[in-house]
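As they're listed, the protein sequences go chains A, B, C and D. Take the first sequence: its position 253, counted from the start at 1, is 253 in my numbering, and no numbers get skipped. Take the second sequence: its position 57, counted from the start at 1, is 57 in my numbering, and no numbers get skipped. Take the third sequence: its position 138, counted from the start at 1, is 138 in my numbering, and no numbers get skipped. Take the fourth sequence: its position 211, counted from the start at 1, is 211 in my numbering, and no numbers get skipped.
Please note that the accuracy of each hint is not assured.
[To be verified] Heads up, simulated DSSO-like pairs for lysine-lysine below, C-alpha to C-alpha not over 30 angstroms straight-line:
1. K30(B) to K53(B)
2. K172(C) to K53(B)
3. K257(C) to K61(D)
4. K249(D) to K36(A)
5. K213(A) to K172(C)
6. K199(C) to K257(C)
7. K213(A) to K196(A)
8. K257(C) to K213(A)
9. K273(C) to K257(C)
10. K273(C) to K262(C)
11. K159(C) to K112(C)
12. K189(C) to K219(C)
13. K112(C) to K25(C)
14. K262(C) to K25(A)
15. K78(C) to K339(A)
16. K262(C) to K219(C)
17. K25(C) to K257(C)
18. K249(D) to K32(A)
19. K61(D) to K339(A)
20. K69(D) to K258(D)
21. K262(C) to K113(C)
22. K213(A) to K31(A)
23. K339(A) to K273(C)
24. K69(D) to K132(D)
25. K113(C) to K78(C)
26. K213(A) to K32(A)
27. K69(D) to K114(B)
28. K25(C) to K262(C)
29. K219(C) to K199(C)
30. K53(B) to K258(D)
31. K30(B) to K114(B)
32. K78(C) to K112(C)
33. K213(A) to K262(C)
34. K78(C) to K53(B)
35. K273(C) to K25(C)
36. K13(C) to K113(C)
Keep in mind the hints are simulated off the structure, nothing from the lab.
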Amino acid sequence: MEMEIRSTDREALAKLFAQWRAEGKRILAPKKSGDKIDFAPVTSLDEVSLDQVQTVQSPKTAVFPRVEELFSFSSMDGRVEIRERDPAAVPRTVIFGLRPCDAAAFSSLAAIFTWDYPDSLFSARLAATAVVGVSCSRADEFCFCTSLGGGPGATTGSDILLTAAGGGAYLAEIVSEKGRQLVAGAGGLFQPAMAKNKESFLAKVDVAFDRDKIGPALAALFEDTAFWAEQSLRCLGCGACAYVCPTCACFDIQDEGGVSGKRLRCWDSCGFGLFTLHTSGHNPRPLQSQRWRQRLMHKFAYMPERQQVLGCVGCGRCSRACPVDMNILEHLRAVAEAKP
Amino acid sequence: MSDFQPKIVAFVCNWCTYAGADLTGTSRMKYSPQVSIIRFPCTGRIDFMLLLKAFANGADGIIVSGCHPNDCHYSSGNFHARRRWIVFRGLLDFLGIDVRRVQFSWVSAAEGAKWAQLVNATAEQIRQLGPFRGYQRLRGAGVE
Amino acid sequence: MSAADVFKPFLLKVDQVTDEAPDVKTLRLVFADEREGEDFTFRTGQFGEYSVFGEGECTFCIASPPTRRGYIECTFRKAGRVTSALAGLEPGETIGFRGPYGNVFPIQEWEKKNLLFIAGGIALPPMRSVIWNVLDLRDRYRDITIIYGARTVADLVYKRELAEWAGRPDVKVITTVDPGGETADWQGKIGFVPTVLDKAAPASRDTVAVVCGPPIMIKFTFPVLARLGFAPENVFTTLENRMKCGVGKCGRCNVGKYFVCKDGPVFTFAQLKGMPQEY
Amino acid sequence: METLRNKARELLASKTVRVVIGYGRGSAGGARAVFIRDPRHADGLIFDGTCLQNLAVYLMKPEVRQLGKAALVATPHALRTILQLAAENQLPDHELLALAVTAAGDVVPLATFSAIEAHVAALNADLSADEKAELRRYEAMGLEQRRTFWEEQFSRCLKCYACRAACPLCYCSRCTVECNQPQWIPVPAHDLGNLEWNVMRAMHLAGRCVNCGDCSRACPVGIPLYLLNQELIANVFADFGFRSGLAAKSENAMSTFKPNDPEDFIR
C-alpha cells in the first residue's frame, strides 16, 4: 500500500488508546518503574514514557515471551494426553512508543522463527501484534541504527510511525494495512498532514562503520583466538545482553509440573557456559572468548548469510545493560578495523 | 475457613524425631492427621530448598524437627542446621513470608507425647493462618 | 507432522526395552496412533527429539532402519535427567517424539560401492540404522566391513547384532576393546579403533567410510583414513551437538554457520574441514 | 591517579606482576575494568568515584588467571573479597598484589593476606548508617507489604544471572540452578523460579557477602538485591557476631556453629 502521512496530537492519541482498549487490545508501552523504563501493559497515554532514548528491555516479549507454554500434558496409567495452545487465543496487542530500531527487529525475529519450520505460537503472536513506533528525537553514544541501515525515523517494521513535531503534535505515517486498520474508525483523530519534513525533528546518529565489511571481517577473524580473548577479557558471561536484545531469540525448552504439567519455552543465552555443554562433559564452546565470538558471528555473519537479515538493529541496549561495559559498537569497530 | 484442612509437611531426622513420632504411634496417642512425614538422615541434611519445594507443591505449613542439641547422631548436624534455620527464617521474614508457617523443634526418640503436641499445635496455627495462597499463587504466574 | 505445531510431539508407546551395556538401553517404540505410524517416514541418518513428559526432551538419532516399518528404536546411555527417565520406562509407557529432523546418509549414491563402518562406544546406534538399511538392500552394495570398538567388552552395544553380522558371509566384522578392557574369553582385537583400522588397512578404492565415535576417536581416525587413500568427500560422519528445538531456532547446535539440526547431522570430512572446531 | 599509574608502570616494567587489573575510562563517562600488561599503557588507568566494580571478580576468571601474576586495583570491598576468597581456599597467599588507593590518592601495595588484613582492620566493616536506616524501613513494613514488594521485584527478574556473574563470591563452576537431577530451581524466569533463585542465591551468600553491591549494579532491571544481602549481613552479625572478609583464615559463618546459638524460635 502507499504510505499515508497524516497529523495528530496527544489528545487524539489518548482517544485512540481508549478505542484500542474498548476493542479488547492489550497495549504495551514504555512505562517508568523505579528508575527504569520498560515495556509494560498500560491503559492510558498518561502512563507512557516517551522521553527516554531507549527502554531497558526490548518489546520482543510481545512475540517471544520470557516464558511461554508450548502445550500442557497429563499422564495417567501410561497414557498421555496433550493439550495444545490455541494460537487464536494469543492477546491482540498494540505496542506503542517503541523506537524504529525495535520495530525493525521483528523481521530478524521472524527470520529465525519462520525459517524452514514455522513456529505457530510466534507467528500467531506476531500476526496479533500491531506496531506504533515513535521516531527518536534524541540518541545517545550507544545508538548505531544508521550503521546497520536503520535510522531515527525509519518506518521499517512499524505499522504506524509517529514523529513528535513539537507542542504535542505528531506526524503520523500510516505504513501498513495493519496500521490503517488500527486507526479505522478513528478518522477524525488524524488530520491531513501539514507538508512538513520530519527530518528536522529527528536525532542525528552518525554511521560508525561499514556494515558490508563486518561479515567478511568476522569470517577472516574467526580463528584469531588472541583477538577474541582480548575482546572478551572483561566479559563475565551473563545473559543480560541477550535478554535485553530485541533480536536475540535463543531459547530453552523445559518441562515442569511432573507427569501432568507443561512444556515451557524460555529465554536462553549463548553467553552462558552451559549453553552448549554436552551431557558427557564435552563443550564445543568452553571459553568465554568463543561465546562472545559466537554472539557477534551469529548476528553479523551467520544470520545475514543464512537468513538474509542482520541479527542486530543498533539499539545499543546490550551496551547499556552490560554490567562490565562491553560496548558492542566499540567491538564492531574493532572488528571492522582489525587486520587479521 | 472452618473446614480448611491444612497440608503440613514434616522434615524430620531419622534418629530422634522419626523415632519419637514412631513412639507416638506405638503409644496409641492420637494427633492431627494433616502431617506428611519425610525422613532424613539428619537435620543437617535438610536443605532450605526442600522447604521451598514443599511450599511450591502446596504445603500450608512445615515442621522441621530433629535431635536435641548435643544428641545428634552425627554429633553436630543439628547445630549446623540450627544456624541455617536462623538465617533462613530471617530471610523469609524479610521477604514477607510468614515464618509462623515453618515450625522448628527438637523432638527426641523418647518424646512421643511432644511430637503429638507439636503436630497438633502446628496444625492449629496453620489452620488459623489459613491456606498459603500467597505462595501457591506463584505457581504458574509469569508464564504466558 | 503438520507445520503448525512444530513442538507438539507424536505419542509413542514403549514396546520393548533391551539392555545393551551398563546404563545403555534400546527402546523399541510404536506409534500410539496407528494412522500416524503408517504415515510416518524417515531416512537413515535422521534424528528426533524424544521426551519423557515432566522431565523434558533429548536428542538421539533413530537407531532402527527405515526398511523396518511399524516401529522406531533409539539407543542411549543413561547420563542426564531425561535419559535417566527414559531408562526407567517399562513396556506400555508413553513418550513423546518429534521428528524426523536433519539430513540423511546418501545411501543411494553409495550403491555399487564398498562400505566401511567405523564406530566407537555409544556411537554405534546412528550407524546401526544405516548398517541395517544397507543389509536390507544387500545386493545394491559390494563389500561391507564394520570396525567397532569400545572401552571394555561390557561397553560394546548391540552384542547380539554384532554376532549376527559377524555370522553373515557377506559382512566382515572387526570388534576391538581398549587395552585393559578385554575379558579372559575375549575373541576380538585389543587396541584403539584408529590403530585397528590402520592394521586392517581396508582398500579405499570405490569405498565409502562412515565414522562415528567420540571426538577423540574421530580426530585420530581421519588421518588414518587419509593415509589409506580415502578422499575426504567419501568419509561421512554424524555430529551430535546439544540441541533443544531440532529445527534451527534454539541457537545451540551450530558449528560456525552450519546448524547440526538442519545442515547435518550427517557431514562429510570434506565439509568438516571447512568448518570450525565447534563440535 | 598519577601515583597509581607510576606504580603500575614500575610493577610491569620490573615484571613484578604480569598484569595490572584496574579501572579505565569506559562508555558514557563510566569506568570499566582494564587489564594492563604493557607499562606503556599504564596511562589508561584511572581511579575516581566512577570506579565501583569489584574487580576481584576477575581473580576467579580462568582467562584472566592465565595472564599470570596480577596486581589488582582494590576498593575496600575488593580487599575484603580477596580475604573471603582466601578464607574459602580459592586464592593462594603471595600470588597477588592488591593496590589499595587511599582517599588522598596514595597507593598502598599489599602483597600478602596479612597485609590486607591489617589494612582492612582500619576500615569500617559495618553497614553504613544509611544502609541500616534503609533496612529498618523495610523491616518496619507489614509482612504483606514486604511480600508484595518482593513479589513485584522478583517478577521482573530475567534470570540473566548478571548478579551471579558480577559476584566474585559466586564462583561455583556449576551453580545450583544448573543442577537438574533433581531440578532444584526452575530454569524459566517465572515468578516461582525467580523467587527460588533469589532466595537460593541470598542463602548461599549468607555469611560470605562483603556488601560490594555489584549484584544490584549488574541487574539490568534494577532489583535491589543488595537489600537481601545487607539484611543477612546484619542478621549474621547480630546472631553470630560474624563478619565476612576480614581474615584470610576464617571459618565460614554457615559451616560452623556455636553451642549457644540463639534458639528461642525452636519448640
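Q.
Check whether the Cα positions of K78(C) and K53(B) lie no farther apart than 30 angstroms.
A. 26 angstroms, holds
Q. Does K112(C) lie within 30 angstroms of K159(C) when you go C-alpha to C-alpha?
A. Between K159(C) and K112(C) the Cα gap is close to 28 angstroms, so the pair holds against 30 angstroms.
Q.
Would the hint linking K273(C) and K262(C) be met if the CA-CA limit is 30 angstroms?
A. Distance of about 18 angstroms is within 30 angstroms: holds.
Q: Could you grab the alpha-carbon distance between K13(C) and K113(C) and see if it respects the 30 angstroms cut-off?
A: 38 angstroms, violated
**Q.** Holds or violated: K262(C) to K113(C), with C-alpha atoms at most 30 angstroms apart
**A.** 27 angstroms, holds
Q | Hinted pair K30(B) and K114(B), Cα distance within 30 angstroms | A | Holds - the C-alpha atoms of K114(B) and K30(B) are around 12 angstroms apart, at most 30 angstroms.
Q: Compare the distance between the alpha carbons of K213(A) and K31(A) with 30 angstroms, and conclude whether the hinted pair is satisfied.
A: Violated. K213(A) to K31(A) sits at ~37 angstroms, over the 30 angstroms cutoff.
**Q.** 30 angstroms limit on alpha-carbon distance, applied to hinted pair K213(A) and K172(C)
**A.** Violated, at roughly 53 angstroms.
Q.
Hinted pair, alpha-carbon criterion (30 angstroms max): K219(C), K199(C). Please report holds or violated.
A. Roughly 17 angstroms separates the two Cα atoms, so the pair holds.
Q) Does the alpha-carbon distance linking K69(D) and K114(B) stay inside the 30 angstroms limit? A) Violated. K69(D) to K114(B) sits at ~60 angstroms, over the 30 angstroms cutoff.
Q. Between K172(C) and K53(B), does the CA-CA distance stay at or below 30 angstroms?
A. Violated, at roughly 56 angstroms.
Q | 30 angstroms Cα cutoff - pair K61(D), K339(A) | A | Holds - the C-alpha atoms of K339(A) and K61(D) are around 28 angstroms apart, at most 30 angstroms.
Of the numbered hints stated above, those contradicted by the structure are hints 2, 4, 5, 6, 7, 13, 14, 15, 17, 18, 20, 22, 24, 25, 26, 27, 32, 35 and 36, listed in ascending order.
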